[in-house]
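There are 2 protein chains.
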Amino acid sequence: METFFNPLSVAIVGATEKPGSLPGIILKNLLGKGFQGKIYPVNPKYGMVFGLKCFPSILDIPDEVALTVIAIPASLVLDVVKQQAQKRIHHAIIISAGFREMGAEGIEMEEQIRQVAIGNDIKILGPNCLGVLDNYTNFTTSFLSWERVSNPKKGSLSILSQSGAFAVALLDLATLEGLGIARMVNYGNRIDVGESTLLPFLSDDIHTKVIAIYMESVDHGRKFIEAAKACSKKKPIVALKVGKGAAGIAAAKSHTGAIAGNYEIYKAAFLKSGIIEANGLEEFIDGVKALSMQNPPKGNRILIVTNGGGFGVIVADHCSENGLEVPLPSPRLKEKLKSKFSAFYVVNNPVDLTGSACDRDYYTALQTCMIESDEYDAAIIIPLMAPQGMTERVVDLVTDIMNRSGKPAVICTVGGAFTTKVKQLFEEREFPVYPSPERGVKAMSMLLKRRVLQEGAGHSDIKYRD
Amino acid sequence: METFFNPLSVAIVGATEKPGSLPGIILKNLLGKGFQGKIYPVNPKYGMVFGLKCFPSILDIPDEVALTVIAIPASLVLDVVKQQAQKRIHHAIIISAGFREMGAEGIEMEEQIRQVAIGNDIKILGPNCLGVLDNYTNFTTSFLSWERVSNPKKGSLSILSQSGAFAVALLDLATLEGLGIARMVNYGNRIDVGESTLLPFLSDDIHTKVIAIYMESVDHGRKFIEAAKACSKKKPIVALKVGKGAAGIAAAKSHTGAIAGNYEIYKAAFLKSGIIEANGLEEFIDGVKALSMQNPPKGNRILIVTNGGGFGVIVADHCSENGLEVPLPSPRLKEKLKSKFSAFYVVNNPVDLTGSACDRDYYTALQTCMIESDEYDAAIIIPLMAPQGMTERVVDLVTDIMNRSGKPAVICTVGGAFTTKVKQLFEEREFPVYPSPERGVKAMSMLLKRRVLQEGAGHSDIKYRD
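Respectively, the protein sequence lines represent chains A and P. Here the first sequence is numbered in numbering that gives the first Met the number 0, starting from 0 and rising by one per residue. Here the second sequence is numbered in numbering that gives the first Met the number 0, starting from 0 and rising by one per residue.
Because the hints were derived from the structure by calculation, they are not lab data. Any given hint could be a false lead.
To be verified - Calculated pairs, SDA-like style, for lysine to any residue (alpha carbon to alpha carbon, straight line, at most 20 Å):
#1 A/Lys152 <-> P/Phe417
#2 A/Lys420 <-> P/Asn150
#3 P/Lys420 <-> A/Thr363
#4 A/Lys337 <-> P/Ser253
#5 A/Lys152 <-> P/Ala416
#6 P/Lys252 <-> A/Glu324
#7 A/Lys266 <-> P/Ser319
#8 P/Lys152 <-> A/Phe417
#9 P/Lys17 <-> A/Gly388
#10 A/Lys420 <-> P/Trp145
#11 P/Lys337 <-> A/Ser253
#12 A/Lys17 <-> P/Ser355
#13 P/Lys86 <-> P/Gln111
#14 A/Lys337 <-> P/Ala103
#15 A/Lys252 <-> P/Leu327
#16 P/Lys337 <-> A/Gly102
#17 P/Lys333 <-> A/Ala103
#18 A/Lys252 <-> P/Lys333
#19 A/Lys208 <-> A/Arg428
#20 A/Lys252 <-> P/Phe343
#21 A/Lys335 <-> A/Thr363
#22 P/Lys252 <-> A/Ser341
#23 A/Lys153 <-> P/Gly415
#24 A/Lys333 <-> P/Ala249
#25 A/Lys252 <-> P/Pro328
#26 P/Lys252 <-> A/Leu327
Keep in mind that this is a model prediction, so the values were computed, not measured.
Please construct the entire structure, taking both the sequences and the accompanying hints into account.
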């Protein structure tokens with residue numbers, strides 16, 4: 000697999016300087032990103048492309064080539080794969096569209112390519128895909144202009160996606176949420192390399208901490224479950240399965256030719272292999288963010304602290320909906336809290352610091368409940384920044400206590416420019432911030448789900464309803 | 000009710016220039032907003048406050064006073080209400096906290112105030128509230144600094160909220176979403192004026208087009224249903240009910256002393272009175288936005304158009320989850336679409352314009368399906384802006400067709416800075432944009448719900464599952 004992410008040498012078939020042309024943008028992106036391997040443009044029309052010597056065909060390249068990137072009309076792809084068989088190039092990324100998603104003729108073309116690949120030990124990524132983006136080797140086959148799509152920073156999230164548009168959206172969202180990317184792979188029609196071969200690779204990848212998978216269908220059912228099971232023991236995997244109902248299944252078939260199959264079977268497979276399932280794009284990115292920044296809680300006793308009573312109520316409601324427990328403080332803990340706060344603060348769960356709260360009150364509440372007491376496993380904190388007593392200091396105060404407690408926390412907050420600033424400060428310190436109570440609760444429930452899956456069904460004393 | 004929003008004269012009890020003091024900020028906000036009525040600061044300690052003559056008590060004000068705004072310690076409020084009875088001031092907004100939410104003693108104080116009010120025909124808003132923000136009369140009793148909280152533009156959304164923090168969050172969110180506000184009322188402990196008296200007022204208010212209600216409990220069950228029923232015939236009402244499960248009900252009791260009651264009863268009441276219920280803060284603001292910008296569809300046949308196949312699939316899934324129908328185009332319509340597009344465009348539902356889409360393709364697809372054909376009632380449009388062929392022109396193209404079709408549309412799109420720009424352009428033209436497929440679908444389902452509630456159960460040929 001390494002060759003797909005870090006080829007010693009790569010041939011870009013179809014290379015051109017024509018503006019707007021796919022292989023042209025791929026080459027430009029690759030040069031711009033600072034990839035260190037050798038690059039061979041291939042196109043019979045040109046002698047030079049972007050200052051590099053261009054070859055009429057891959058057979059004319061005098062050196063060894065590790066990987067071809069093929070971005071030419073579908074009908075011409077088979078010949079190139081045959082040439083690369085002749086030249087013993089064992090890896091190909093086929094960017095070109097116009098195969099299975101077009102119907103019978105396209106399926107036939109895919110099948111012919113697959114036969115050549117099998118017969119000559121060629122691993123293929125694609126067709127109908129964006130290919131690879133690697134932030135550590137700087138290798139990319141993306142044909143999207145970075146003026147339009149975020150070029151995300153280096154980080155620990157890796158993305159596997161059947162859909163190109165979705166992979167791109169995830170890159171944009173990751174950037175918006177301050178998450179860095181390790182590797183992204185979009186395999187489109189997936190005639191060969193898919194989840195089952197990529198998961199073991201990411202499982203051993205030192206740069207990948209969390210894996211996000213968008214899937215319409217899966218490449219090999221049993222092999223996938225085994226690969227996911229092994230991988231999820233080491234790293235959290237979050238999956239977004241689409242093509243669930245009749246309308247979605249039909250849409251998936253038109254999209255990547257995927258047979259989305261029975262959703263209930265997928266659900267069972269996810270559970271069995273320790274995959275955390277997300278329902279919808281926001282839950283997907285929210286869960287990935289929580290798992291990237293915080294550790295799973297040791298149990299299911301959630302403390303809610305807020306200075307906005309209404310927000311406390313709605314968080315409590317959504318905790319109930321999502322199987323999170325919101326136990327009241329013991330009489331002893333209640334007395335202790337009472338002794339530290341004004342009489343009109345509400346020392347329950349939620350702890351309501353009211354509109355009179357100042358940032359220091361968060362420190363006091365969390366110190367008392369999360370460090371001095373053992374009654375809670377995790378905190379959902381809702382600091383509203385409107386009152387004058389709430390300053391940016393709340394970030395360091397909360398960070399200090401929570402880090403010392405060794406327990407995870409997620410933050411929810413809503414507001415204007417000042418709130419956005421506080422959000423950024425929290426996220427720089429690896430505390431995920433969500434713009435609504437329900438999303439914060441859902442993210443916490445996904446952290447807890449990770450713990451439950453890690454411990455294995457029946458081997459946990461965590462009460463968790465799904 | 001008018002007096003609460005547009006008093007000819009108002010006494011600010013507790014007025015001071017002390018920084019950070021509640022009545023001081025109220026007075027400053029009121030002066031800053033350009034309110035045209037007469038303002039009388041009241042405080043025995045000062046002769047002048049912010050350049051205005053200050054009176055020792057309201058009894059010392061030589062003129063008639065229409066409304067008092069009381070922001071002094073709870074224990075002193077009763078005396079002021081007695082004085083205003085003597086001076087025949089028939090309206091009071093009690094900002095002060097420290098009543099019902101504090102337990103038995105607080106309840107007793109509220110009851111004494113209520114008796115004086117009933118005996119002297121005084122209408123009371125509060126206590127424990129932010130009071131009023133009116134963008135047309137420029138009257139406000141908010142004690143929040145506009146440096147921290149958005150000061151939203153004039154518009155057609157009115158907000159009723161039991162929670163102050165929630166009211167503030169809604170002002171911030173409305174500003175973020177480009178929604179203008181007509182009037183906001185936060186009544187906190189609500190010993191007198193509440194939803195049942197405010198709804199008829201907003202129902203007749205020419206500035207209010209959509210009403211958003213945050214409620215933990217309701218003031219008068221039967222009266223509320225009647226008021227909501229009458230109002231929702233004219234204007235959409237969206238409600239967020241919190242305090243549903245055991246944890247939330249307990250939290251609501253601590254928060255505003257509200258008895259949140261049996262959630263099932265609320266659900267039935269909402270249905271009966273034509274209120275659209277939202278689950279969670281995002282659904283609340285998303286639904287309000289859709290209803291503010293677009294009309295309800297005439298039926299439940301949704302067309303999905305996208306240039307990101309994966310997004311089409313996930314929208315189709317969420318349509319199924321939310322009871323929206325995604326019918327395939329008729330053979331005739333399909334042929335018509337095929338004749339207009341490249342062979343590899345997918346002419347189904349979703350219509351998938353693929354990564355090769357240009358903005359003009361949206362015009363063609365919508366013209367063919369929404370104007371030339373009668374097979375669809377509304378559109379969910381997912382323009383992804385990454386491909387080079389997608390420019391800002393897509394906004395005018397979509398706007399033109401959809402406005403001519405007379406059918407509603409919501410937009411979903413995900414991306415970086417360029418996408419944000421396109422979002423703003425769409426929303427300036429009153430097309431609501433959502434940052435995820437699932438939120439766009441939910442918003443469309445709330446538009447449809449409005450139609451179903453308008454037509455009345457059993458009197459509609461709209462198939463809609465809830």
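Query - Unsatisfied constraints (hint numbers, rising) - result: Those not satisfied come down to hint 3.
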